[in-house]
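Novice: This is what each chain is made of:
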Amino acid sequence: MTDASLPSSSENRERVSLMAPDARTQKRKAAERRFRMYGIAGIATGIFFLIVLLVSIVSSGAGAFQQTFITVSVYLDPAKLDKNGNRNLEEISKVSTFGYTPLIQQALFDKVQENGIETPLEKSKDMKALISASAAAQIRDVVISNPDLIGETVDFRILASSRVDGYLKGRVQREDVARDKNIDAEHLDLVDALQPFGIIEKTFNMDFITGADASESRAESAGIGVAMIGSFFMMLVVLVLSLPIGVAASIYLEEFAPKNRWTDLIEVNIANLAAVPSIVFGILGLAVFIQFMHLPQSAPLVGGLVLTLMTLPTIIISTRASLKAVPPSIRDAALGVGASKMQSVFHHVLPLAAPGILTGTIIGLAQALGETAPLLLIGMVGFIASNAPDGIASGLLDPNSAMPAQIYEWAKRADPAFYERAWGGIIILLGFLISMNTIAVILRRRFERRW
Amino acid sequence: MSFKKLSTSTLAIAVVTAATAASARDQVQVAGSSTVLPYASIVAEAFGENFDFPTPVVESGGSSAGLKRFCQGVGTEHTDIANASRAIREKEIKACADNGVTDIIEVRIGYDGIVFASQFDGPDFTAFTESDIFNALAPKVMVDGELKENPYTKWADFNADLPDEDILAFIPGTKHGTREVFEEKVIAAGCEATGAMEAMIAGGMSEDEAEDACLEVRTDGRSVDIDGDYTETLASIDANANAIGVFGLAFYENNTDKLKVATMAGVEPTTETIAAGEYPVSRPLYFYIKKAHIGVIPGLKEFAEFFVADEIAGPDGPLAEYGLVSDPELAETQATVAGEQVMGGGS
Numbered sequence: 001m002t003d004a005s006l007p008s009s010s011e012n013r014e015r016v017s018l019m020a021p022d023a024r025t026q027k028r029k030a031a032e033r034r035f036r037m038y039g040i041a042g043i044a045t046g047i048f049f050l051i052v053l054l055v056s057i058v059s060s061g062a063g064a065f066q067q068t069f070i071t072v073s074v075y076l077d078p079a080k081l082d083k084n085g086n087r088n089l090e091e092i093s094k095v096s097t098f099g100y101t102p103l104i105q106q107a108l109f110d111k112v113q114e115n116g117i118e119t120p121l122e123k124s125k126d127m128k129a130l131i132s133a134s135a136a137a138q139i140r141d142v143v144i145s146n147p148d149l150i151g152e153t154v155d156f157r158i159l160a161s162s163r164v165d166g167y168l169k170g171r172v173q174r175e176d177v178a179r180d181k182n183i184d185a186e187h188l189d190l191v192d193a194l195q196p197f198g199i200i201e202k203t204f205n206m207d208f209i210t211g212a213d214a215s216e217s218r219a220e221s222a223g224i225g226v227a228m229i230g231s232f233f234m235m236l237v238v239l240v241l242s243l244p245i246g247v248a249a250s251i252y253l254e255e256f257a258p259k260n261r262w263t264d265l266i267e268v269n270i271a272n273l274a275a276v277p278s279i280v281f282g283i284l285g286l287a288v289f290i291q292f293m294h295l296p297q298s299a300p301l302v303g304g305l306v307l308t309l310m311t312l313p314t315i316i317i318s319t320r321a322s323l324k325a326v327p328p329s330i331r332d333a334a335l336g337v338g339a340s341k342m343q344s345v346f347h348h349v350l351p352l353a354a355p356g357i358l359t360g361t362i363i364g365l366a367q368a369l370g371e372t373a374p375l376l377l378i379g380m381v382g383f384i385a386s387n388a389p390d391g392i393a394s395g396l397l398d399p400n401s402a403m404p405a406q407i408y409e410w411a412k413r414a415d416p417a418f419y420e421r422a423w424g425g426i427i428i429l430l431g432f433l434i435s436m437n438t439i440a441v442i443l444r445r446r447f448e449r450r451w
Numbered sequence: 452m453s454f455k456k457l458s459t460s461t462l463a464i465a466v467v468t469a470a471t472a473a474s475a476r477d478q479v480q481v482a483g484s485s486t487v488l489p490y491a492s493i494v495a496e497a498f499g500e501n502f503d504f505p506t507p508v509v510e511s512g513g514s515s516a517g518l519k520r521f522c523q524g525v526g527t528e529h530t531d532i533a534n535a536s537r538a539i540r541e542k543e544i545k546a547c548a549d550n551g552v553t554d555i556i557e558v559r560i561g562y563d564g565i566v567f568a569s570q571f572d573g574p575d576f577t578a579f580t581e582s583d584i585f586n587a588l589a590p591k592v593m594v595d596g597e598l599k600e601n602p603y604t605k606w607a608d609f610n611a612d613l614p615d616e617d618i619l620a621f622i623p624g625t626k627h628g629t630r631e632v633f634e635e636k637v638i639a640a641g642c643e644a645t646g647a648m649e650a651m652i653a654g655g656m657s658e659d660e661a662e663d664a665c666l667e668v669r670t671d672g673r674s675v676d677i678d679g680d681y682t683e684t685l686a687s688i689d690a691n692a693n694a695i696g697v698f699g700l701a702f703y704e705n706n707t708d709k710l711k712v713a714t715m716a717g718v719e720p721t722t723e724t725i726a727a728g729e730y731p732v733s734r735p736l737y738f739y740i741k742k743a744h745i746g747v748i749p750g751l752k753e754f755a756e757f758f759v760a761d762e763i764a765g766p767d768g769p770l771a772e773y774g775l776v777s778d779p780e781l782a783e784t785q786a787t788v789a790g791e792q793v794m795g796g797g798s
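Protein chains in written order, with our numbering: chain H, 1 to 451; chain S, 452 to 798.
I should point out that these hints are in silico values taken from the structure, not numbers from a laboratory. Be careful, since some hints might not be right.
Across the chosen pairs, the derived CB separations fall in these ranges [unchecked claim]: (1) H/F204 - S/T577: 37 to 47 Å; (2) S/A692 - H/K202: 26 to 36 Å; (3) S/N610 - H/F204: 50 to 60 Å; (4) H/I245 - S/G624: 35 to 45 Å; (5) S/D503 - H/L54: 43 to 53 Å; (6) S/G795 - H/F204: 51 to 61 Å; (7) H/I51 - S/D708: 20 to 30 Å; (8) H/T119 - S/D503: 36 to 46 Å.
Note that beta-carbon positions come from the ideal geometry of N, C-alpha and C, so glycine has one too.
Generate coordinates for the entire structure from the input sequences, incorporating the hints supplied.
Specialist: So, in structure tokens, the structure goes:
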């Protein structure tokens, strides 16, 4: 600073010891200490909020990875499932899931009686509140794929209802159930009594990671798997489109394009596009891809196209930066030994810039993966992720959701069990984002060359 | 990566894109009311399980938004069914007709109650009448026999039985069908009951103008529009102990640990009181089918028939279990769907 170099006359100057700093030095040092304190305080606040966020995410979402299951032996009654007794698949499949529900209720009721558990619930129908509505579909699928099982007693591991699951997880409290019409204290007593027999148990729930979305009445069977596949196909579209286009555009702009007003204008526009709110791309996608080009609603292809628009500027900017970072001497040397301009770019500059380009691409993809706003407008939020796609074309074109959209949808639903799953979904999404960013960091560390 | 590879992959995407533009859709698409969404998703799931058709796709967004999309035209890129928590309006029918959507089948799936609830540990908001809500939320109310700008800031100001708390209510925004029911069955009813409507007519308004004026709510921040879903209302109630919120009966029943419900004119909202017609604030729920899509979209008619079948929409079906009040005239609705009878007579 300037005051350090001010000329000071020796007469005015106080005699000071070199060992003890004078007042002005002390003041400067104090100011520096304070500044460091501000910095540390800033970082500490940041870390504090990060910890609060992580703790709340993990504590609210960990429950989603566990689920309560009931083990029952269901007698597949031929009188109910195959009235004519001819094992005709067409006739068997006419029995809807509603025909299976009483069998399951009877099976659980028998289990209760068998083990001599005393309960005021006296009818098999009373078991309904304990059993997930998804159980009937699960058993019907097994019977249809293997009709010979009819007439036998088969062990099934079925889901417990979301209230029972909530009770075992501490979400449903005994004092609240008096007002809850979905379950009552007698059922909770029965759950307590069944637990020691291992009939009701809480275990790790793979279905949450691999399963499809479920309707509002069966939160217990909802999973994020299909939405994950939707996200995967969207990222595929983004990668396949935005990487080549982005790299080609940046190579041209950086290496070949003349520097004139037009390229300046393009450059400014790219920088501006990177700052456009993502919802704008959603509206654009709705207008262009769906209403004008008639692409299907809710399709990951459209989602991918919209997110490509959003990711392109990010990729172009980072690619141009890493191309710029390659020193001109490399190009000059290549040109000097007789390489053409294109050869110098593709044989020398591009390989050296590749780590930077990949890092930029991965970060762009991670951004696109977490994006919800544009997906709202192209119909990817709702009860959508219910069928797993059975191929690449169906993965791209059949209605599907995406992970962040699925989380948003769950957070809106009435049953508090969905809320827990929304947090569980956030954990999975965060896992993906963190691993993508880690890959980007590793790539940069490993392959980046400093000049 | 070579240019060859780059251009091939780009080309491949372009081909896929072009191919899809022509391809048909094989699942039913539904959009509309967020109140009907839970019911529609329950039916869609059961439909996917029991039929060979793929599970229909159900989007939300509000009755008005859903009907708007529904009315955009005929063709596979448009939705097949619009869910609505109110009946379709004349001008929407006209907008539909302008875009070529003429044959619409109206299906009433049942009734839904609208309840007033507040924080469980909050003040004693346990009994309201339509007049209370009107006095609390209307811009102009009757004070000592005269129509005045609403002077009330606390509930106890106009009804000593209510808690001495600041008035704050979270009501559905205008894009929700629930808002219309709230206005007509609560605010307008309160307007008539307090005599405000008569005073308006006596003050020189025509009857129609007075009816419209009766539907307004105050804009000084004591009545807050919620454009999102009931979860947003619930979050607002969670944050404001003295506030009341408007919910669907099914949503309330899923969150009884956080909310307590208030009676309306002395009647507690339950599926029974709504079915019996005792609880005043209920409304029919509908969905609308584009007849031109039947036979084009596989499974559309089957889905509609399945929706109103006794085992689904009947009094013991999964919809009633979730909170829908089943329609006593379900058999007629089933006949409507089976016969594909469109609105406004004809067939």
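Novice: Honestly, which of those hints from before does the structure not fit?
Specialist: No hint contradicted; all consistent.
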